[in-house]
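Chains as they are written, first to last, in the numbering used here: chain A, 1 to 260; chain B, 1 to 280.
Derived from the structure by calculation, the hints contain no laboratory data.
Backbone N, C-alpha and C define an ideal beta-carbon position, used for all residues, glycine too.
Misleading hints may appear alongside valid ones.
Interface residues of chain A toward chain B, partial, derived using beta-carbon atoms under 10 Å [to be verified]:
id	residue
1	16
2	19
3	22
4	28
5	68
6	69
7	93
8	97
9	101
10	122
11	123
12	128
13	138
14	252
15	256
Listed next, with one range per pair, are the computed distances between beta-carbon atoms [said to hold, decoys possible]:
id	chain 1	residue 1	chain 2	residue 2	range
16	B	197	A	70	38 to 48 Å
17	A	70	B	19	28 to 38 Å
18	B	20	A	201	39 to 49 Å
19	A	143	B	26	23 to 33 Å
20	B	29	A	197	14 to 24 Å
21	A	231	B	24	52 to 62 Å
22	A	93	B	53	51 to 61 Å
23	B	201	A	65	52 to 62 Å
24	B	57	A	230	41 to 51 Å
Covered, in the sense of this in silico footprint (three residues per stretch, anywhere, with C-beta under 8 Å from a C-beta of chain B), are these stretches of chain A [what the hints assert, rightly or not]:
id	region
25	72-86
26	220-228
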Amino acid sequence: MSRLHDTLSDFTYCIITGLGLSDETTAVCPNYRIETALDIYRNNYRGNLHDALSHAYPVIEQLVGKDYFRYLSRHYVDRHPSVSGNLHQYGAEMAEFIAGFESAKGLAYLPDVAELEWACHCAYFAEDAGKLDVMALAKIPQAQYADLILNTHPSCQMVRSDYPIASIWNAHQPDADGDFHVTLDGIPSHTLVSRKDHAVKISALSEPEATWLAWIRSGASLGKSTDAAVNQCAAFDLHGLLLKLIDDGVLIHFTLRSTP
Amino acid sequence: MEKPATHSLPCAAGIGLRAPHYLEVLNERPHLGWVEVHSENFFGGGAPLNTLRQVRNHYPVSLHGVGMGLASTRALDQTHLSDLRRLCDMIQPAAVSEHLCWNASGGYVINDLLPFPYTEEALAHVVSRIDHVQERLDRQLLVENLSSYLSFSHSEMTEGEFMSELADRTGCGILLDVENLYVNTCNLGVDAKAFIASIPVDAVKEFHLAGYSERNGCLVDTHDHPVSTEVWRLYEYALLQIGPRPTLIEWDSDIPALGVLMGEAAEAQRRLEQHDVQAA
């Protein structure tokens, strides 16, 4: 790939860096300056990526304000160019980026809120999956419960934070009542992201619940996962958690671990 | 060899269906010939796909891609292609289209529709990529002419000649965006009549109409205004030369009430029917 490839890479460099085209790229426009045309492409490039970030991170944008978000997104675009023709995939590194962004360090919870927003964004577009066959599950003999392997829905994700990010997120939803009091008490929180009837939903998990679900998601059996949660908290309510996760569509499928 | 389209669009006016109108269209089911959506917005599952499935139950759907990068010089994104194929299998669209542009080079994707020089080298390259896409989708792809803000003096042919060759060598269809063509006549001095004369009439399967805006003497393809008088006039000329084809009203930014889009679609429909009367 010779001349075409050279032209496209030169054009790419010009759009990304804001510098001019090389002499070999014979771009012309008869009715206005070439810079006018190049600026339209540069602005489209940055504008489309900014809009994608704004769409994926509405809570971050509200927390820091539109102007600062624009400043943040400009630096993000410089650091993380797009790698997919599907704009919904743009912005995955925002949490990490904010954590390293000097002027945002005063808001220590921002990276975790960003992680939660990205989890919600991915949950929205995640693949569909069937519902758990509760009747089939009821037919499993009790003696085999410990060997059950449970699978979670593709939209399901967990975010751990030292901050009450679920409260922060809820307070910035369009239907929030505006009564926003968040206590930064240093108690770790676990937030479950899932999707019910196509709507993304977040809910808080207790420490043992989060432990249980993390084991389940790693492929561990029901018995092993439950042991881990009970070791953490003897009062762990497996029955209640199962009902909630089945109702929320988090658990979608089960198999029996083959016993040797 | 032209691949058969499993279904085909009705020769009527349709609208580009965007998120602000999903609910209204599903609840009220207004009279629309067909709708077109951006393919990438429905990759994956969840609410977007569920909405599109419902829309598909009531209207013919055209899938219009903005991210394939037919002329990019790096390898076609196979995940993107698989996602599109899966969407086609689920939705059974009446048409699938992409733009004649590039969007990636080296490690970068520029999420835009970018122009390239129309050379023999580029032609061979794009032909092989369209072949690959049509093979993978197992259906005909419609390729849309681009609105462009610059051209390349080392181009060896016009965009119309380039598209004509594409249609001839790959069997792809042509989606003639009348507004893009108008924008190019103003910005780059493209001869719209020569363009229309240069493309094979039978390959043209769809028209697009939209509004543009102006920046520093350059018309920008912003899809944020009504169709202009000049574009309506060029559309009428295209109808005379090419004949009636499914026609879409596109509006992507500052999206107005659904009624405004339907009004524009009615204008296109009126011209389609007038043409039928004249032709009879």
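Exercise for review: Any hints from earlier that this structure breaks? Give me their numbers in increasing order, please.
Suggested key: 2, 3, 5, 6, 7, 8, 9, 13, 14, 15, 17, 18, 19, 22 and 26
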